[in-house]
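Which chain is which? The protein sequence lines are S and F, in order.
Just so you know, we're using this note's numbering here: the first sequence kicks off at 1 and counts up by one.
Just so you know, we're using this note's numbering here: the second sequence kicks off at 1 and counts up by one.
Careful, some of the hints might be misleading.
Any copy, or any two copies together, can satisfy a pair, since identical chains are not distinguished.
Claimed, not checked - Taking lysine to aspartate or glutamate pairs in the EDC-like style, the calculated list, with each CA pair at most 16 Å apart, reads:
1) Lys-70 <-> Glu-53
2) Lys-44 <-> Asp-85
3) Lys-142 <-> Glu-119
4) Lys-44 <-> Glu-153
5) Lys-80 <-> Glu-153
6) Lys-70 <-> Glu-264
7) Lys-201 <-> Asp-233
8) Lys-142 <-> Glu-210
9) Lys-70 <-> Glu-153
10) Lys-65 <-> Asp-206
11) Lys-80 <-> Glu-235
12) Lys-201 <-> Asp-43
13) Lys-44 <-> Glu-241
Quick caveat, the hints were computed from the structure, so don't treat them as lab data.
Just so we're clear, the structure is a prediction, and the values are computed from it rather than from any experiment.
There are 2 protein chains.
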Amino acid sequence: MCQLLGMNCATPTDVTFSFSGFAARGGRTDHHGDGWGIAFFEDKACRLFIDHESAATSPIAQLVKSYPIKSRNVIAHIRKATQGDIALENCHPFMRELWGRHWIFAHNGNLEGFSPRLEGWYQPVGNTDSELSFCALLEGLKTRFGTTPPSMEALFEALAELAIPISRYGTFNFLLSNGQALFAFATTRLQYVVREWPFQKAHLVDTDMEIDFSQYATPGDRVAVIATEPLTDDETWTALESGELICFQDGQPVMRKLTLSPEEQQAAWARACSPADA
Amino acid sequence: MCQLLGMNCATPTDVTFSFSGFAARGGRTDHHGDGWGIAFFEDKACRLFIDHESAATSPIAQLVKSYPIKSRNVIAHIRKATQGDIALENCHPFMRELWGRHWIFAHNGNLEGFSPRLEGWYQPVGNTDSELSFCALLEGLKTRFGTTPPSMEALFEALAELAIPISRYGTFNFLLSNGQALFAFATTRLQYVVREWPFQKAHLVDTDMEIDFSQYATPGDRVAVIATEPLTDDETWTALESGELICFQDGQPVMRKLTLSPEEQQAAWARACSPADA
Chain S
1 MCQLLGMNCA TPTDVTFSFS GFAARGGRTD HHGDGWGIAF FEDKACRLFI
51 DHESAATSPI AQLVKSYPIK SRNVIAHIRK ATQGDIALEN CHPFMRELWG
101 RHWIFAHNGN LEGFSPRLEG WYQPVGNTDS ELSFCALLEG LKTRFGTTPP
151 SMEALFEALA ELAIPISRYG TFNFLLSNGQ ALFAFATTRL QYVVREWPFQ
201 KAHLVDTDME IDFSQYATPG DRVAVIATEP LTDDETWTAL ESGELICFQD
251 GQPVMRKLTL SPEEQQAAWA RACSPADA
Chain F
1 MCQLLGMNCA TPTDVTFSFS GFAARGGRTD HHGDGWGIAF FEDKACRLFI
51 DHESAATSPI AQLVKSYPIK SRNVIAHIRK ATQGDIALEN CHPFMRELWG
101 RHWIFAHNGN LEGFSPRLEG WYQPVGNTDS ELSFCALLEG LKTRFGTTPP
151 SMEALFEALA ELAIPISRYG TFNFLLSNGQ ALFAFATTRL QYVVREWPFQ
201 KAHLVDTDME IDFSQYATPG DRVAVIATEP LTDDETWTAL ESGELICFQD
251 GQPVMRKLTL SPEEQQAAWA RACSPADA
């Protein structure tokens, strides 16, 4: 299974600390060596780095670790292939344009038998269930709202409604951003931490690295980090409930919604324990 | 005015030699320091690096110069802003998806008063005439052929027809690729060279660097390099005629078409000499 990393911030922040721990999972401390990618928004546009090499050894990952690109919305992914070959076209995050903005999507999980009829607004380039679900989400938004972007509240409600039917096909944990907000949806595994004033120290799980954020951050800073598994061992991470959608803005959750009933939550967990989702 | 670099090859080839000379024009040997970008296709997908720093000093450009990414279709661009701010969203090349493939586009020139009515299939993220013309070209293709990609011949004819009306708005030199072919269109300035067996030496204009391709290439290799101005001073470059569209495949021109009459060619050159296109 793949791993996700997201960051949403009040002020442009670099992700080098969290990415260093995260990238170690791509082939060194964990077995997600089938490609990786990271996207940094700057307003409406973004820089996207993808590579089908392991994140632990890729020269492009090395650049990202050493070159502090500041951004308010970041999404990263390391891949352990379940569906789709090990090829560049199957590396997350995926990018599309909608309403004159880039949209970035990365998925963790596995969707079995998911084959929606798409109208052709967005077509997958690779052959993963993940990119297909991204195309289905964007087509759902385009069909609902036409050529004019909705309010953030209407967008949030629409995403919650669009995510439910897809989540019935398997495990559907995703991060999505258009540069204005970062949306996190989980059927099984996503956790987040909010770092804010007064900032403290944090120590990475995956590599012996510690940082004292109070040395670098100012009272106006606030950062939400979202990941498949906690990246630090001395901070309190909050797990998303099964079926929960959270909208992060300015480094904190601003909207949250539970989309699944207790029975549906149980079904989601049961699917996650099937061998296909290893 | 911006500068373009394209490479189309019979076998995956790295572009580090040509890019080294080209990147020097981004702020060192020339004044195109308002951002740059490069896209490398791997089959249907591509890696896209963009940066609003100067290509001569950007750490990402440094990585591209030192990390030989092999590709059969490459498009690069260095920017001297005419329309649009110096922002990431205005850095070429631009990327969109059409028919389950990535498409990459970069433009050199300036289109005055170009404001087509778009249906909403593709919307510009930034505010350049260049990205708008890319959206117009793709919408034209989508409107013509629907959700099924046409033959290469039909695609070539359609591009020629779609480029003509846009070219009337100013200077319209562009490179476009979907990973299967590289299309070059010029109203004023584009030149190309084909390197093939027996390979020879080449010396860069912009930096004192020479390479003997016969030491590296094999008889099956063939590479077409397309650029705004010749990158080498000891090879024979061929200039595109005004209004000419060329389709490159397997490292050579496979289709070419003249779209402008002699009068229209003269008008294109007259527009290019206006101050807005400096």
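How the hints compare with the structure:
no.	hint	result
1	Lys-70 <-> Glu-53	between (24 Å within a copy, 14 Å between copies)
2	Lys-44 <-> Asp-85	between (31 Å within a copy, 13 Å between copies)
3	Lys-142 <-> Glu-119	both (11 Å within a copy, 12 Å between copies)
4	Lys-44 <-> Glu-153	neither (19 Å within a copy, 36 Å between copies)
5	Lys-80 <-> Glu-153	neither (34 Å within a copy, 39 Å between copies)
6	Lys-70 <-> Glu-264	neither (39 Å within a copy, 47 Å between copies)
7	Lys-201 <-> Asp-233	within (11 Å within a copy, 57 Å between copies)
8	Lys-142 <-> Glu-210	neither (44 Å within a copy, 51 Å between copies)
9	Lys-70 <-> Glu-153	neither (27 Å within a copy, 44 Å between copies)
10	Lys-65 <-> Asp-206	within (14 Å within a copy, 31 Å between copies)
11	Lys-80 <-> Glu-235	neither (27 Å within a copy, 46 Å between copies)
12	Lys-201 <-> Asp-43	neither (29 Å within a copy, 45 Å between copies)
13	Lys-44 <-> Glu-241	neither (30 Å within a copy, 37 Å between copies)
Of the hints listed earlier, those the structure fails to meet are numbers 4, 5, 6, 8, 9, 11, 12, 13, in rising order.
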